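Top line first, the protein sequences correspond to chains E and Z. Just so you know, we're using the working numbering here: the first sequence kicks off at 1 and counts up by one. Just so you know, we're using the working numbering here: the second sequence kicks off at 1001 and counts up by one.
Please note: incorrect hints may appear among the correct ones.
[To be verified] In the BS3-like style, the derived pairs of lysine-lysine whose C-alpha atoms are separated by at most 30 Å in a straight line are: (1) Z/Lys1321 with Z/Lys1174; (2) E/Lys152 with Z/Lys1275; (3) Z/Lys1053 with E/Lys126; (4) Z/Lys1249 with Z/Lys1401; (5) Z/Lys1428 with E/Lys152; (6) Z/Lys1053 with Z/Lys1083; (7) E/Lys152 with E/Lys63; (8) E/Lys59 with Z/Lys1352; (9) Z/Lys1414 with E/Lys152; (10) Z/Lys1427 with Z/Lys1156; (11) Z/Lys1096 with E/Lys152; (12) Z/Lys1197 with Z/Lys1249; (13) E/Lys59 with Z/Lys1414; (14) Z/Lys1374 with Z/Lys1189; (15) Z/Lys1083 with Z/Lys1362; (16) Z/Lys1427 with E/Lys59; (17) E/Lys42 with Z/Lys1374; (18) Z/Lys1239 with Z/Lys1408; (19) Z/Lys1174 with E/Lys126; (20) Z/Lys1428 with E/Lys126; (21) Z/Lys1401 with Z/Lys1440; (22) Z/Lys1428 with Z/Lys1321; (23) E/Lys59 with Z/Lys1383; (24) Z/Lys1174 with Z/Lys1383; (25) Z/Lys1414 with E/Lys42; (26) E/Lys63 with Z/Lys1096; (27) E/Lys59 with Z/Lys1428; (28) E/Lys126 with Z/Lys1275; (29) Z/Lys1239 with E/Lys59; (30) Z/Lys1362 with E/Lys126; (31) Z/Lys1374 with Z/Lys1275; (32) Z/Lys1446 with Z/Lys1249; (33) Z/Lys1096 with E/Lys59; (34) Z/Lys1186 with Z/Lys1374; (35) Z/Lys1156 with Z/Lys1383; (36) Z/Lys1362 with E/Lys59; (37) Z/Lys1428 with E/Lys63.
Note that these hints are calculated values from the structure, not bench results. Bear in mind that the values here come from a model prediction, so they are computed numbers and not experimental data.
The lines below spell out each chain.
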Amino acid sequence: MKRATLTGLLFSSPFLIGFIAFTLYPIGASLVYSFTDFNMFKSPSWVGLDNYRWVFQEKDVWKSIANTLYMVLFATPISLIVGLLLAQMLNMKVRGQSIYRTLYYIPSIVPAIATSLVWMWVLNPKSGLINTALGYLGIRGPNWLLDPVWTKPSLILMGAWGAGGIMIIFLASLQDVPRSLYESAEIDGAGKVRKFFSITLPSISPIILFQLIMGLITYFQYFAQAFMLASMTNSGANQTMAGPEKSLLFYAVLLYREAFVDFRMGHASAMAWVLFLITSIVTYLIFRSSNRWVTYGGD
Amino acid sequence: MNAKQGRKASLLLVVVMMVAGVLSACSGSDNGNKGSASPSSSASESGKPAGEKSKVSVWYLWGGAEGEALEQIIQDFNASQDKYTVEGLSVPDEQKIKVAIAGGNGPDLTDSFDWVVPQYAQQGIALPLDDLIARDGYDVSDFIPAALESGRFDDKLYSLPLNANFSIMYYNKKLLADAGYSEPPKTSKELYDVALKTTKVNGDGSIEVIGFPSYPSETYLFNALAHGFGSAYLSEGAKELTFNNESTKAAMQMIYDYNTQFGVDNIRQLQAAGKWLDPTDPFLTGKQAIRFDGPWLSAHIKNMNIDVDYGIAPLPYLDGKPETAGGGLVSSSIFYIAKTSKNVDGAWEFMKYLYSPEPLAKFMSLMGNIPATKSAMAQPAMKDMVDSEQIMPLTESPNLKSIPHFAKRSDFDKLLGEELELMFNLKKTPDETMSVLEGKLAEFLK
Chain E
1 MKRATLTGLL FSSPFLIGFI AFTLYPIGAS LVYSFTDFNM FKSPSWVGLD
51 NYRWVFQEKD VWKSIANTLY MVLFATPISL IVGLLLAQML NMKVRGQSIY
101 RTLYYIPSIV PAIATSLVWM WVLNPKSGLI NTALGYLGIR GPNWLLDPVW
151 TKPSLILMGA WGAGGIMIIF LASLQDVPRS LYESAEIDGA GKVRKFFSIT
201 LPSISPIILF QLIMGLITYF QYFAQAFMLA SMTNSGANQT MAGPEKSLLF
251 YAVLLYREAF VDFRMGHASA MAWVLFLITS IVTYLIFRSS NRWVTYGGD
Chain Z
1001 MNAKQGRKAS LLLVVVMMVA GVLSACSGSD NGNKGSASPS SSASESGKPA
1051 GEKSKVSVWY LWGGAEGEAL EQIIQDFNAS QDKYTVEGLS VPDEQKIKVA
1101 IAGGNGPDLT DSFDWVVPQY AQQGIALPLD DLIARDGYDV SDFIPAALES
1151 GRFDDKLYSL PLNANFSIMY YNKKLLADAG YSEPPKTSKE LYDVALKTTK
1201 VNGDGSIEVI GFPSYPSETY LFNALAHGFG SAYLSEGAKE LTFNNESTKA
1251 AMQMIYDYNT QFGVDNIRQL QAAGKWLDPT DPFLTGKQAI RFDGPWLSAH
1301 IKNMNIDVDY GIAPLPYLDG KPETAGGGLV SSSIFYIAKT SKNVDGAWEF
1351 MKYLYSPEPL AKFMSLMGNI PATKSAMAQP AMKDMVDSEQ IMPLTESPNL
1401 KSIPHFAKRS DFDKLLGEEL ELMFNLKKTP DETMSVLEGK LAEFLK
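Produce the entire structure from the sequences given, and follow the hints as far as they go.
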C-alpha cells in the first residue's frame, strides 16, 4: 500500500472505525437477526422468512403504515410550504430582520423531547394556550392529544412550528437566486406571483428536491414526538405507546415496541429492513421524477 | 452537467446515510449475556480482598418521596453489615432497565409489577430464586399466599412481592353531602346514582365536577369496577376464560352509560386537565366526588398538605349480590434479581433484609402501601401509615382476587385494553365488545 494511502486511511480512521463498528456492523447484524427469533437474552434461532411474513400479516403493522403514510403525505408538504413561506418573509428587507430570523429559527434547535413537553401543555384541552385562545373567540377547541381524529394534526402543527431548519436552507437558496432574472422579468412586466412561480421556484428546485427527500425520510422514521406523547399520559407511563385508538402507533414506534418492550428483535429487524426498502423505493422514484421538475441552472 | 451529477451524488450519499440510521438504530447486541449467573458464583465477589465491601446496584422505578423511602432502607442496610454496599438509583423508565439488563450493564436487583412475571420469566430477564431460597432455608410462609404466588411462573419463583395493592373507594364528603348523601355508595346502583347527582356540567357541556371514578382513566377504573362487582376474568390456574359474567358486563355497561350521558369529549377534557396524584388531580382539587385508587392516595394527600375532606370505603358490590362485598383486584410491586446480575449473593442479601419485618414495614408505611408479609403488617410502624385504621381492615376481605399468570398475559392485557378503549369511546357497544373479547381472549389461554 502506498504511504499516502495509508496516511489518508489513518486520518479518516476515527470515522471509518466508528462507521464500521456502530453503523455497518449493526446493519449487517440486523439483517441476520431479521431471519431469527432473538430476544437479546437467549441465543438467536433461525426461523427463515417467518419475521417477514409476520410483518405483512400483523394488523398493527398495517395500522402503523397507515399512520406513517398520513404523516408522510400531509406533514412533509405542509412543513415544506411553511418553511418556504417563512423563508420568503424573512428574505424581505425590513427593519430588525435578523431578530425575526432568530425568533423563527429558535424552535428548531429545541430538542424533540422538550418540544413535546411544551406542546403537551400548549395542546391541553382545558388549560392549554390554543384552546384558551379559541375560547376567547367562543370556540371550544378539540381534545387535541386525546381524540384519535386530532392526534396527528397536533403532530403536524408541532412539526410546522419546528420548520426552522427547513426555513434556513430555503432562505439561503432564495438569496442565491440571481437578481438579474428578477430584473429582466420586471422589465417584461411580471408581477410578484408570476416571479415567484416562474423564477423563484425553478431556481430553488434542487433545494426543494433535497428538502422533500429529507422530509420524507424524517416522517417515514417519525418517532420521538409521537413516542413522548403516547407514552406520557396523565395517569402514568403507557406501555402500549399507541396513543388514543392506536392513532399514534407509527411504524418506528411499533418497531421500538417490538424491540425494546416485547424484545422481539427478529420482528423489529425485519420491520427495519422493510422500512429501508420502502424508503429506498420512494426516494428512487422521486429521483426519477426529478428530471421533469428540477432545473439545475448555472452557478 | 458535472455540477448536476456532483450534487445528485452528494444528495444520494446523504440519503443513504440517513436511511442507514434506522437500520443501525434497531439492531440488538449480544455481548456476553449468555452465561447465566448462578447463586454460588458471583463474579465480583470472588477475587475481592477480604474486608472490602462488594457493590450491589439496585435500580428502582420510584422517584420523589417513594424513592427517598427506599434510599432510607438502603442506608439502614449498608450500616447494618460490612459485606456489601448497596447503591440505589432511581430509573423511572422500565424499558431502560430491561435493555440495560439485556446488555449486562444493568442492576443486580430491581422492581416491577407482578403482571410482568410471565414475560420476564420467559424472556430470561429475571433469575429464579428457588435455589437461593433452598440454600438459605428462607421461610416464604410469612408472605400473603396470593401475593407470593404472583411471583411464580412454571413452578419457579421469580420475584417476591412488596405489597398487596388494590383499589379502595375514596369519596369527597362535601360533594356527597351537597348532593344529599350522608353515606358513601355501597352497591353498584347507589354508585351510579351518586355519580349522576354529583356530576356538575357547565353550559357548554364540559364537566366542572366529575361524580364518577373516570379519572384518572377508564382503563384504570374498569379492572377495579369489575372486580369490585365480583368478576373474575379467569378460572383458577388460568385454565378457562370466565370474563363473560354479569359483573364484567355491569362494569362495562356502567362506564358506557356514563360516557354516553356526559360525552366522551367532555370526560377526556377533564382527564387531561389534571395530573394523577399531583396537586392538579381533580380529587385533590375537590372536583371529583368518587375516586377508585390505591391507599397511597392518602399518603399523597397528607404529604402535599392537600385540604380535602374525604372518606374511605370498600368498592361497591353488584346490586343484589352482597356476598361479593369487599371485592377487588390485588396486584403487587415486586423485586427481582436480574439474570445478568454480577452480584447475585449481594442482591439476595439485600432482598432478605428488605423483606424482613421492620424494614418492610418502615418502607411500606412511608409509601402508604400495605406490606405483603404478615409480620410486617403487625409491625408498630404500620400504625404510622396514613389512614391505616380504615385501610388495614379492608385487606382481610376474602373477595380480593388476583389474575392468575399464564404465558400470554401481556398479549391478553394489550387486546383487552384496545377493545375496551373502543367501547369507552362509544365506537362499540358493550355487547359487541363482549362478543369480540370472548372469542379473542380465549385464544391467549391455549
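Each hint tested on the structure:
Straight-line distance between C-alpha atoms of Z/Lys1321 and Z/Lys1174 comes to about 29 Å, which keeps the hinted pair within the 30 Å bound. In summary, the hint linking E/Lys152 to Z/Lys1275 is supported, as the alpha carbons are separated by about 23 Å, within the 30 Å threshold. For the suggested pair Z/Lys1053 and E/Lys126, the alpha carbons sit about 54 Å apart, so the restraint of at most 30 Å is broken. Simply put, Z/Lys1249 and Z/Lys1401 have alpha-carbon atoms about 18 Å apart, close enough for the 30 Å limit, and the pair holds.
Under the criterion of a C-alpha separation no larger than 30 Å, the hint pairing Z/Lys1428 with E/Lys152 is consistent with the structure, at around 22 Å. Taken as a hint, the Z/Lys1053 and Z/Lys1083 pair is honoured in the structure, with Cα atoms around 5 Å apart against an allowance of 30 Å. Of the supplied pair hints, the one linking E/Lys152 and E/Lys63 holds, its CA atoms being roughly 14 Å apart against a limit of 30 Å. Between E/Lys59 and Z/Lys1352, the direct Cα distance comes to roughly 45 Å. Violation of the 30 Å bound is thereby established for this hinted pair.
For the proposed pair Z/Lys1414 and E/Lys152, the alpha carbon gap of about 22 Å is at most 30 Å, so the pair holds. As the CA atoms of Z/Lys1427 and Z/Lys1156 are separated by approximately 42 Å, the hinted pair breaks the 30 Å bound. Between Z/Lys1096 and E/Lys152 the CA atoms are separated by roughly 27 Å; this keeps the pair inside 30 Å, and the hint holds. Note on Z/Lys1197 and Z/Lys1249: the hinted pairing holds, with a Cα-Cα distance of about 23 Å set against a maximum of 30 Å.
Distance check on the hinted pair: E/Lys59 and Z/Lys1414 sit about 14 Å apart at the alpha-carbon level, within 30 Å; holds. At most 30 Å may separate the alpha-carbon atoms for a hinted pair to count; Z/Lys1374 and Z/Lys1189 exceed this at roughly 35 Å. Under the criterion of a C-alpha separation no larger than 30 Å, the hint pairing Z/Lys1083 with Z/Lys1362 is consistent with the structure, at around 23 Å. Proposed proximity of Z/Lys1427 and E/Lys59 is supported: the alpha carbons are some 19 Å apart, at most 30 Å.
With a C-alpha separation of about 37 Å, the suggested pair E/Lys42 and Z/Lys1374 falls outside the 30 Å cut-off, and the hint is violated. Annotation: proposed proximity of Z/Lys1239 to Z/Lys1408 holds, straight-line Cα distance about 13 Å (limit 30 Å). Restraint check for Z/Lys1174 and E/Lys126: satisfied, since their Cα atoms lie roughly 24 Å apart, inside the 30 Å limit. Among the hinted pairs, Z/Lys1428 with E/Lys126 is consistent with the structure: their alpha-carbon atoms are about 27 Å apart, no more than 30 Å.
Of the pairs offered as hints, the one joining Z/Lys1401 and Z/Lys1440 holds, with about 23 Å between alpha carbons and a cut-off of 30 Å not exceeded. Between the alpha carbons of Z/Lys1428 and Z/Lys1321 the distance comes to roughly 28 Å, so the proposed pair stays at or under 30 Å and holds. Between E/Lys59 and Z/Lys1383 the alpha-carbon distance is near 52 Å, which puts this suggested pair outside the 30 Å criterion. Restraint check for Z/Lys1174 and Z/Lys1383: satisfied, since their Cα atoms lie roughly 27 Å apart, inside the 30 Å limit.
Restraint check for Z/Lys1414 and E/Lys42: satisfied, since their Cα atoms lie roughly 24 Å apart, inside the 30 Å limit. Simply put, E/Lys63 and Z/Lys1096 have alpha-carbon atoms about 26 Å apart, close enough for the 30 Å limit, and the pair holds. Our distance criterion of 30 Å between C-alpha atoms is met by E/Lys59 and Z/Lys1428, whose separation comes to about 19 Å. For a cut-off of 30 Å, the pair hint linking E/Lys126 to Z/Lys1275 stands: about 12 Å separates their Cα positions.
Taking the CA atoms of Z/Lys1239 and E/Lys59, the gap is near 27 Å; set against the 30 Å cutoff, the hint holds. Restraint check for Z/Lys1362 and E/Lys126: the C-alpha separation of about 40 Å exceeds 30 Å, so the hint is violated. Between Z/Lys1374 and Z/Lys1275, the direct Cα distance comes to roughly 34 Å. Violation of the 30 Å bound is thereby established for this hinted pair. A hinted pair counts as satisfied when its Cα atoms are at most 30 Å apart, and Z/Lys1446 with Z/Lys1249 qualifies at roughly 24 Å.
Restraint check for Z/Lys1096 and E/Lys59: satisfied, since their Cα atoms lie roughly 27 Å apart, inside the 30 Å limit. With a CA separation close to 28 Å, the supplied pair Z/Lys1186 and Z/Lys1374 stays within the 30 Å bound. Of the supplied pair hints, the one linking Z/Lys1156 and Z/Lys1383 is violated, its CA atoms being roughly 34 Å apart against a limit of 30 Å. Distance hint between Z/Lys1362 and E/Lys59 is unfulfilled; the C-alpha atoms sit about 48 Å from each other, more than 30 Å.
Proposed proximity of Z/Lys1428 and E/Lys63 is supported: the alpha carbons are some 19 Å apart, at most 30 Å.
The structure fails hints 3, 8, 10, 14, 17, 23, 30, 31, 35 and 36 (numbered hints given earlier, in ascending order).
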